[in-house]
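A.B. asks: Sequence:
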Amino acid sequence: MSFTLRLQQLPLFRALHSRDYRWFWLGRLAASATMQMSVVAQGWLVYALTGSGFALGWVGSFGALSTLLISPYAGVMSDRLERRHILSVTRAGMIVNMAAITLLIVTGRIQVWHLAVSGMLGGALGAFMMPAQNALLADLVDRSTLLNAVSLTAVGMGLMGIFGASGAGLMIDGFGVWSVYALIAVLYVIALYTVIQLPLTGVRQGPRRSIGREIVSGLEYIKREPRLLGVISLSLARVLLAMPYGTLLPQYADKIMGLGASGLGLLASASGIGGLIAALGVAALGDFKKKGRLLLIAGMLMAVGLIVLSLTRSLVVAFILLIMVGMGNNAGMVANQTLVQTYCEDEYRGRVMSTYTMLWGLTPLGTIPAGALADHFGVPAVFAGQGVLLLIIFMLVWFKISALRTLE
Numbered sequence: 001m002s003f004t005l006r007l008q009q010l011p012l013f014r015a016l017h018s019r020d021y022r023w024f025w026l027g028r029l030a031a032s033a034t035m036q037m038s039v040v041a042q043g044w045l046v047y048a049l050t051g052s053g054f055a056l057g058w059v060g061s062f063g064a065l066s067t068l069l070i071s072p073y074a075g076v077m078s079d080r081l082e083r084r085h086i087l088s089v090t091r092a093g094m095i096v097n098m099a100a101i102t103l104l105i106v107t108g109r110i111q112v113w114h115l116a117v118s119g120m121l122g123g124a125l126g127a128f129m130m131p132a133q134n135a136l137l138a139d140l141v142d143r144s145t146l147l148n149a150v151s152l153t154a155v156g157m158g159l160m161g162i163f164g165a166s167g168a169g170l171m172i173d174g175f176g177v178w179s180v181y182a183l184i185a186v187l188y189v190i191a192l193y194t195v196i197q198l199p200l201t202g203v204r205q206g207p208r209r210s211i212g213r214e215i216v217s218g219l220e221y222i223k224r225e226p227r228l229l230g231v232i233s234l235s236l237a238r239v240l241l242a243m244p245y246g247t248l249l250p251q252y253a254d255k256i257m258g259l260g261a262s263g264l265g266l267l268a269s270a271s272g273i274g275g276l277i278a279a280l281g282v283a284a285l286g287d288f289k290k291k292g293r294l295l296l297i298a299g300m301l302m303a304v305g306l307i308v309l310s311l312t313r314s315l316v317v318a319f320i321l322l323i324m325v326g327m328g329n330n331a332g333m334v335a336n337q338t339l340v341q342t343y344c345e346d347e348y349r350g351r352v353m354s355t356y357t358m359l360w361g362l363t364p365l366g367t368i369p370a371g372a373l374a375d376h377f378g379v380p381a382v383f384a385g386q387g388v389l390l391l392i393i394f395m396l397v398w399f400k401i402s403a404l405r406t407l408e
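Sequential numbering of the sequence shown, starting at 1, is according to the working numbering.
Derived DSSO-like pairs (lysine-lysine); straight-line CA-CA distance at most 30 Å:
{"hint": "1", "residue 1": "LYS290", "residue 2": "LYS400"}
{"hint": "2", "residue 1": "LYS223", "residue 2": "LYS400"}
{"hint": "3", "residue 1": "LYS223", "residue 2": "LYS290"}
For the record, the hints were derived by calculation from the structure and aren't laboratory data.
Start from the sequences and build out the full structure, keeping to the hints where you can.
C.D. replies: Here you go:
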């Protein structure tokens, strides 16, 4: 028996029994690598050009803004169009986007506004890509395997968080930042190839209304489903109060730790290690019932990690704490996505997942103030404030809203 077949028979990897999921997983692996590499490369390049934490916040906000504006429309399209086609077009667009940035860097013409425009285009493409690929996953596996499939996808993201982030830092120091963007373009070519291998899942049938009405009906559906509304609201808290830490890592690495690009990549990879540990742990749980508790514990773990991170100046301790933050982030993401997929009706899946994606478009509400505050009060003060607020929210939900804590 081959190693691959033995691997697939383990409970931890049972979603890999599906040939279609294996192609899907490989595509997400390549796409996750591009995401982690671009976070390090863009953060390093923006900070190298400006030296400003505020610039780190506002440049990143362009991608988030386009995601926010386009996600509702993209969700309707995900319910109306063939999802494989959506992924093919968006990944092809990302190839062009990354190749253009590579050319600008190589020719010495790169400016901060180029990165803002590239981020806006990437955010727009991502607004279509994310709900389509998240909804497509539910088409490729059955409900009993869904948690394992989401967890294995998160395992891949964790692996790429380690190798993508640390590799990007080493490539910047060794070859220049252009090499990172060039490799990102190549990885999107691989991601596009994996999409072509997936089956057509068919266009959803149902009454066709105006796009505006479809968007409203999706929001109304979430409003009348308190479980979905609660889970998505907790995700919003994580987006606003926890995720800005990644935007501030370049400034933290430089000002607090005195590190260059390789050091930045090392710190960023710590979150990937934590994410990998969490994803493997959740995948091993199988069809774990207490997903609501997992969601809340993950949020509190992330909050405590940020609070303690604000107090240390030791690289080793900071690395360990960022592993802890990554564990909370990935475990929370897996629980969040699984709960949304579980409690969402197929008819509304694309629109609900687009609302989930749209939350990432609200990140400027967290990153821009965080960047401005970091310039005035320092990154540690921002980490501490975000962690305290996040901890208060998740503890209140734990003790006051049992309906969310007991979700299965």
